[in-house]
Amino acid sequence: MKSCLIVDDSKVIRKVARHILETLQFEVDEAGDGQEALTRCEQKMPDVVLLDWNMPVMSGMEFLRLLRQRGHSDQPKVVFCTTENDMAHIRAALEAGADEYVMKPFDRETLHVKLQLVGVA
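Position 103 (the sequence shown) corresponds to 1433 in my numbering; numbering is contiguous.
Don't read these hints as lab results, they were simulated from the structure.
In silico PhoX-like pairs for lysine-lysine, Cα to Cα no more than 25 Å straight-line: (1) 1345 with 1332; (2) 1407 with 1345; (3) 1341 with 1374; (4) 1407 with 1374.
Restraint ranges, calculated between C-beta atoms of paired labels, are given here: (5) 1417 with 1440: 14 to 22 Å; (6) 1449 with 1401: 15 to 23 Å; (7) 1395 with 1417: 13 to 21 Å.
Because the structure is a prediction, the values reported are computed rather than measured.
Note that CB positions come from ideal geometry on N, CA and C, so glycine has one too.
When you get a sec, could you build the whole thing from the sequences and use the hints?
What follows is the structure, given as C-alpha coordinates:
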(Lines of atoms letter the chains of each structure in order from A and count residues from 1; the text may use other names and numbers.)
(Lines give C-alpha, C1' and ligand atoms only; values in the text may rest on other atoms or scores of the structure.)
Protein backbone atom coordinates (compact mmCIF):
# COMPACT_ATOMS: atom_id res chain seq x y z
CA MET A 1 0.00 0.00 0.00
CA LYS A 2 1.33 3.44 -0.95
CA SER A 3 1.68 6.06 1.77
CA CYS A 4 0.87 9.77 1.70
CA LEU A 5 1.71 12.54 4.14
CA ILE A 6 -0.83 15.37 4.05
CA VAL A 7 0.78 18.65 5.17
CA ASP A 8 -1.75 21.42 5.73
CA ASP A 9 -2.61 23.70 8.63
CA SER A 10 -6.33 23.28 7.91
CA LYS A 11 -7.95 20.34 9.70
CA VAL A 12 -10.80 20.46 7.18
CA ILE A 13 -8.45 20.11 4.19
CA ARG A 14 -6.58 17.28 5.91
CA LYS A 15 -9.88 15.48 6.63
CA VAL A 16 -11.12 15.84 3.03
CA ALA A 17 -7.76 14.80 1.57
CA ARG A 18 -7.53 11.84 3.96
CA HIS A 19 -10.96 10.61 2.90
CA ILE A 20 -10.06 10.86 -0.81
CA LEU A 21 -6.67 9.20 -0.36
CA GLU A 22 -8.09 6.35 1.70
CA THR A 23 -10.63 5.62 -1.06
CA LEU A 24 -7.61 5.45 -3.41
CA GLN A 25 -6.04 2.83 -1.09
CA PHE A 26 -3.35 5.05 0.46
CA GLU A 27 -2.03 4.75 3.99
CA VAL A 28 -2.36 8.34 5.28
CA ASP A 29 -0.47 10.39 7.85
CA GLU A 30 -0.94 14.10 8.62
CA ALA A 31 1.13 17.10 9.67
CA GLY A 32 -0.09 20.62 10.49
CA ASP A 33 3.04 22.47 9.32
CA GLY A 34 6.36 21.96 7.55
CA GLN A 35 8.37 21.35 10.73
CA GLU A 36 6.02 18.58 11.84
CA ALA A 37 6.17 17.16 8.30
CA LEU A 38 9.99 17.01 8.37
CA THR A 39 9.82 15.10 11.66
CA ARG A 40 7.32 12.65 10.16
CA CYS A 41 9.54 12.16 7.09
CA GLU A 42 12.55 11.42 9.30
CA GLN A 43 10.48 8.78 11.12
CA LYS A 44 9.06 7.17 7.97
CA MET A 45 9.42 8.54 4.46
CA PRO A 46 6.08 8.53 2.59
CA ASP A 47 5.71 7.70 -1.10
CA VAL A 48 4.05 11.06 -1.74
CA VAL A 49 3.54 14.35 0.12
CA LEU A 50 0.44 16.49 -0.46
CA LEU A 51 1.79 19.90 0.53
CA ASP A 52 0.14 23.22 1.37
CA TRP A 53 2.00 26.46 0.58
CA ASN A 54 1.02 28.83 3.40
CA MET A 55 1.41 27.43 6.92
CA PRO A 56 2.64 28.67 10.29
CA VAL A 57 5.99 27.54 11.78
CA MET A 58 7.40 26.42 8.40
CA SER A 59 5.89 27.04 4.96
CA GLY A 60 5.50 24.43 2.26
CA MET A 61 8.37 25.95 0.27
CA GLU A 62 10.72 25.87 3.26
CA PHE A 63 9.77 22.25 3.95
CA LEU A 64 10.28 21.26 0.31
CA ARG A 65 13.73 22.88 0.07
CA LEU A 66 14.90 21.21 3.30
CA LEU A 67 13.48 17.84 2.27
CA ARG A 68 15.24 17.95 -1.11
CA GLN A 69 18.52 19.21 0.43
CA ARG A 70 18.69 16.22 2.74
CA GLY A 71 19.18 14.01 -0.30
CA HIS A 72 17.46 10.88 1.02
CA SER A 73 17.61 8.03 -1.47
CA ASP A 74 13.86 7.43 -0.95
CA GLN A 75 12.69 10.96 -1.85
CA PRO A 76 8.89 11.16 -2.00
CA LYS A 77 6.92 12.68 -4.83
CA VAL A 78 5.60 16.10 -3.79
CA VAL A 79 2.29 17.52 -4.99
CA PHE A 80 1.70 21.13 -3.97
CA CYS A 81 -1.94 21.65 -3.04
CA THR A 82 -2.71 25.33 -2.67
CA THR A 83 -4.80 28.35 -3.59
CA GLU A 84 -1.71 30.08 -5.06
CA ASN A 85 -2.44 29.80 -8.77
CA ASP A 86 -0.26 32.30 -10.62
CA MET A 87 2.54 31.08 -12.88
CA ALA A 88 5.27 32.55 -10.66
CA HIS A 89 4.16 30.41 -7.70
CA ILE A 90 3.80 27.28 -9.85
CA ARG A 91 7.24 27.81 -11.42
CA ALA A 92 8.83 28.45 -8.00
CA ALA A 93 7.31 25.26 -6.59
CA LEU A 94 8.52 23.13 -9.52
CA GLU A 95 11.99 24.69 -9.41
CA ALA A 96 12.20 23.95 -5.67
CA GLY A 97 11.53 20.27 -6.35
CA ALA A 98 7.77 19.78 -6.48
CA ASP A 99 6.61 17.11 -8.90
CA GLU A 100 3.09 18.39 -9.53
CA TYR A 101 0.64 21.10 -8.53
CA VAL A 102 -3.08 20.94 -7.72
CA MET A 103 -5.43 23.81 -6.95
CA LYS A 104 -7.74 24.01 -3.94
CA PRO A 105 -10.50 23.12 -3.86
CA PHE A 106 -9.86 19.76 -5.48
CA ASP A 107 -11.94 16.63 -5.90
CA ARG A 108 -11.17 12.90 -5.98
CA GLU A 109 -10.80 12.74 -9.76
CA THR A 110 -8.41 15.70 -9.95
CA LEU A 111 -6.23 14.39 -7.13
CA HIS A 112 -6.21 10.88 -8.61
CA VAL A 113 -5.04 12.24 -11.99
CA LYS A 114 -2.22 14.22 -10.32
CA LEU A 115 -1.11 11.15 -8.36
CA GLN A 116 -1.13 9.11 -11.57
CA LEU A 117 0.99 11.78 -13.28
CA VAL A 118 3.69 11.48 -10.60
CA GLY A 119 3.52 7.66 -10.72
CA VAL A 120 2.09 6.81 -7.31
CA ALA A 121 -1.55 5.96 -8.10
